[in-house]
Each structure stands twice: as C-alpha cells, then as structure tokens.
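Number of protein chains: 2
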Amino acid sequence: MSVLVVGSTALDSIKTPNAENPKLLGGSASHAAVAASFFAPTKLIGVVGKDFPKRYLKLYEKHGIDVEGLQVQEGKTFHWSGEYEVNMNNRRTLLTELGVFEHFTPHLPQKHKSTPYILLANIAPALQHHVLDQISKPRFVVADTMDLWLNIAMNDLVRLIKRVDLFVLNDSEAHQLTEEDNVYAALKKIHKLGPKYVIIKKGSHGSILSSPKGCFICPAYPLHKVVDPTGAGDSFVGGLIGHLAASRGNVDKNIRRAMVYGSVVASFCCEGFGLKSTTLVTQDKIEQRFKELVALTAF
Amino acid sequence: MSVLVVGSTALDSIKTPNAENPKLLGGSASHAAVAASFFAPTKLIGVVGKDFPKRYLKLYEKHGIDVEGLQVQEGKTFHWSGEYEVNMNNRRTLLTELGVFEHFTPHLPQKHKSTPYILLANIAPALQHHVLDQISKPRFVVADTMDLWLNIAMNDLVRLIKRVDLFVLNDSEAHQLTEEDNVYAALKKIHKLGPKYVIIKKGSHGSILSSPKGCFICPAYPLHKVVDPTGAGDSFVGGLIGHLAASRGNVDKNIRRAMVYGSVVASFCCEGFGLKSTTLVTQDKIEQRFKELVALTAF
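Chains as they are written, first to last, in the numbering used here: chain A, 371 to 669; chain B, 371 to 669.
A hint or two may mislead.
Copies of the same chain look alike in the list, so a pair counts if it works inside one copy or between any two.
Under the rule of at most 30 Å between Cα atoms (straight-line distance), these lysine-lysine pairs were calculated in the BS3-like manner [claimed, not checked]:
| hint | residue 1 | residue 2 |
| --- | --- | --- |
| 1 | K595 | K566 |
| 2 | K428 | K446 |
| 3 | K559 | K646 |
| 4 | K655 | K559 |
| 5 | K385 | K532 |
| 6 | K483 | K428 |
| 7 | K393 | K583 |
| 8 | K661 | K424 |
| 9 | K572 | K661 |
| 10 | K385 | K558 |
| 11 | K595 | K532 |
| 12 | K562 | K424 |
| 13 | K558 | K655 |
| 14 | K446 | K532 |
The hints are simulated quantities; they were obtained by calculation from the structure and are not laboratory data.
For reference, chain A alone in the conformation it holds in the complex (with noise of 0.2 Å):
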C-alpha cells in the first residue's frame, strides 16, 4: 500500500567540525520519502521554490516518489543552516529562511485523499492538521514533531496528538512535552494525549516503542562514523511507515520489524551529507544492515 509524506521540503546548509556543504537537499519530507521509497510506492506534499534545483526535483523521481503535490511556487525555497559540535550530537541554527514556506498551504490532489499510510513529518502542527483534513479513512497515521512546535505551537501539537496513531518524538522533546526524565514514565504520558503507539528516538542509543502490545527496545545500527546526523529522525520514521505499508498483517505484527528497518535506513543516512548516502541504498544493502542488527542483539 502507498504512503503520503507531508513535511518540510529545504535546502540545508550543514556545518560540521570537518566540512561544509551548501545548498543540499533537505527537509524532513525529503528524508522522510526517501526512506520510505525502499518500502512502498511514496507521494510527497510540499513546497519549493523557483530556484529549487532540477537535479533535487529528479532525484525523488529518481525513488519514483509522485511528486504531484509538491508545489513550486515564486520565491525562494526554506532554507535552513546549521552546525554540528565536534560530538555531533549538539547542532545549532545558525540561519532559516522560509521563504516559500511562510505562506504554505498543503493541497493535496484529489488521487492523494484516500492515501492508506499519512506520515505527517516535522511541519507545523497547524499544516499537519491541514493535511489531515483532506484526507479520508486513513488506516494509520504517524505525526512527528520538533522542539520549536513545543516552543510556539504547544496547543496546536496537542490537538495533533490526539488525532494520530503513531506519534514520534526524541527524547528531549519528550523531557520537554511531559517534564518527565524517566523514558517510560514519559511514554505513559504521552498516551494520556491518544495515541495508541508512542515511539521515543534516542539517537545513537535506539528507540522505545509504547505499544498495546507492550515495549519494544529497537536498537541503533552500529555506526563508526557519524558525517551528517541531519534527517536521521526523519529517514527513521520514513523507513518504519514505508515497511508498515509493505507489511501484510496488522500494525502490532509489523510495527518493530518496521522500527529496525527505519533504524537501518538512518545509518544510512548518518554516513553523508544530507541525502548523499541514503540515494545511494540498495535492498540488499538493507538487507544486509538489518540481519547485523538480528545477530547484534540476539542472546
């Protein structure tokens, strides 16, 4: 079954203490339909603008990822800058632009409606909403957010919650939603809010899944190089709705096989700037990263 991406569609200039690298590809929708690309058939809702480069424009085609709903509008596309500290754990904003995304306005084609898997990527919550709304009887919703929603759109993010069945968070957004340190006491409450699955990233350390079916401790791809972490959370989440919508089955059967494929896709990710590596991935390359991950944690 297909799956519809709804984020952020940027171009990111990322800093880190050995390189810099101008102008990539970026936004949560771009590692997010990317990711999922590997899994199931992928339609992207977003906004660029006129001097989005063509070469960006034929890589998600490249995924054949329907880009139908992506729009290109006068202006400049959102551009985002940061930079990495020497752990590349800590980033700091160092720039946003939004340009054509100031005044976004998701508008999905009539074909994109009934789209079974929505993965609502980091956007503010209202255009989350927004795409929600179009859309109708979805079998299974995943919202992910950032630090900034909880900043400046907390009611917002709320109500967003509440309509989801799958929310994602990392863990100091979790700290910060719920002002609890404990992971799991953090979990408990993030399910007071509605969703009936709640996954908590936690970077190089993993992902805990709440379930009805109780936890689930998904495990990291052991990398020794981290280049580029940006888009990782997004490529994660991007890979676990890709393979929930190839699985057959319900979701309580799929979802931590899912969580370790999305795992694997943002290794990937980590290992080069922006969306270089990702591009890159085969199946079998997939393949492979996820039988290590069966004999790294199997006692």
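Assemble the complex: chain A is given as a structure, and chain B must be docked to it using the hints.
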C-alpha cells in the same frame, strides 16, 4: 565455578531529590559480590573498620558470600557521600573518608588463589594488580574502573587493562580514555590496549560488548522510576561474572546472556537505596525480568 570479587567495601550516604540515607552498605565489591552470589559461589576481598555494622556482615553471609578475605581493621570503614540531581544521571561527591582503605593491602587466603573467575571491581588499579599477582591461572579476569583512576593512576590502569580478559567501563570513562565520542570507535581503541572483550556501559541505554564474535547491543531493563542508581554498574558486572561462572561452555557462547542477567540485577539495584532492593531479589524475580527482556527486544 566460583567467583572472587575484590573492590571497595564502604558505607555510602546517599542524597537524592526525594530522600537522604546515611551509611548504607555500599562499595563496588559489596554490590558486585551480592549480584554474583545469585548465580555462583562468591568470595569477597576487602577491608572494613571496627565500626562496620554487624548487620552488614550478616547480609553478606545471608547471600552465602565467603568473607574470609574481608579484613576487619582498627579504624573507620571507607565512607562515601554523594548527591544525585533530579534526573538521577548526574551525581556529585560530597565527602570521601578513606578510613582503613587508605592503607589497604588485599591478602588472599590460600584457598582463594585458585578461584577461576576474578572480578577486579572498581578500586585503585595498584590494588587490582596486587590481587591479580596472587592468583594462579584464572580462567577469566574482569576489571571495572572509575574516572578517578583515569585522572590519577592512568599508567597503572593501562598496565592493568593489558592483563585482563574483559575490561568494563562507562561511556564517559571510555571517552576520557580514548578521546573518542563514538562508542564503537572507542571500543576499537580499547581493544588495542589488550583485552579480548570490552564492554561500555551506557546506564539506562544499556551496554555494548565488543568481542571476538562481534558486538552485542545489550538492553537495560525498563524502569519507570529510579530510586538510587549507586552500584548499578557494579551489580551489572557482578551479575555478569556470576552468570558466566555458572554457565557451561565457552565465554563467547555465554557472555551475551550473562550481560542480560547483569542488566536484570542492575535494574533491581536501582529500585532501592544501597543494596536494599538487591538483597530482596529471588531467582524467580530474576528469571521473570530476563524473560521480559527477551520479549522487549524480539523482532
């Protein structure tokens, strides 16, 4: 087979945001020996002062721990006092009174010198060497450490690391020792110092083993509330060596399960002050949590 544990035997005064507990039974060897005792016959090497409460000696004996190698000397027992922050991850030392520990020289009773499984729990590396010098042909030697020895006894520690089969340390110590932020890069560097097996402990994020048979990502048991994490790392390594000593077959076959059992004992340790929760553990409770960890990680 039996386990010999050397390390600190102390009185711990522990302050958390919610409570204050003076002069609990503590020290690396106390935690590790009790943890090991759930799986294998355990001998303790350490020193206490004349002030050491009889009820604590009885507690060792309740767990069947051989205390023939525990010296009782004129003077005061080593006393450590520490305070935890709200998130229970950061702690600071308020007070360290070495007492009889200042001039401690571990002497092994003759019958202890052929013990097959040796745990050099956290203590000055010079004392760890001194114990190892008295052992003839051990089957498996494990050493743990702490940041203090990296700061003031690095040469002794590096010489010790060469002599052990398994070296265990936490993630911040691994960073300090190797100057690597990446845990897998750090593991690689530590192998170069000599040991065949290296484990990096990551607190609530579990631990990572690097071994001749590859890496293992070991989960932490999910706790919704941590009362006092003091001694959790010692309990982990104590449970690990106890389970190894009790298992048939070679280390590579058994070490992963031994780590998971170590995680289980460490989880009980965190649920009470000092050894209060650990001493109430039963085989049934251990097996229950082991099974839960199987279920929590299966995919």
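Consistency of the hints with the structure:
1. K595 to K566: Close across copies (22 Å), not inside one copy (35 Å); limit 30 Å.
2. K428 to K446: Cα proximity of K428 and K446: one copy only (19 Å, versus 75 Å across).
3. K559 to K646: Answer is between: at 29 Å across copies they meet the 30 Å cutoff, but 37 Å inside does not.
4. K655 to K559: between (37 Å within a copy, 27 Å between copies)
5. K385 to K532: For K385 and K532, the Cα distance exceeds 30 Å both inside one copy (37 Å) and across copies (39 Å).
6. K483 to K428: For K483 and K428, the Cα distance is within 30 Å only inside one copy (24 Å; across copies 71 Å).
7. K393 to K583: neither (43 Å within a copy, 42 Å between copies)
8. K661 to K424: neither (36 Å within a copy, 53 Å between copies)
9. K572 to K661: both (21 Å within a copy, 24 Å between copies)
10. K385 to K558: between (37 Å within a copy, 27 Å between copies)
11. K595 to K532: between (38 Å within a copy, 26 Å between copies)
12. K562 to K424: Answer is neither; intra-copy 45 Å and inter-copy 49 Å both fail.
13. K558 to K655: between (36 Å within a copy, 24 Å between copies)
14. K446 to K532: So K446 and K532 fail the 30 Å test inside a copy (34 Å) and across (59 Å) alike.
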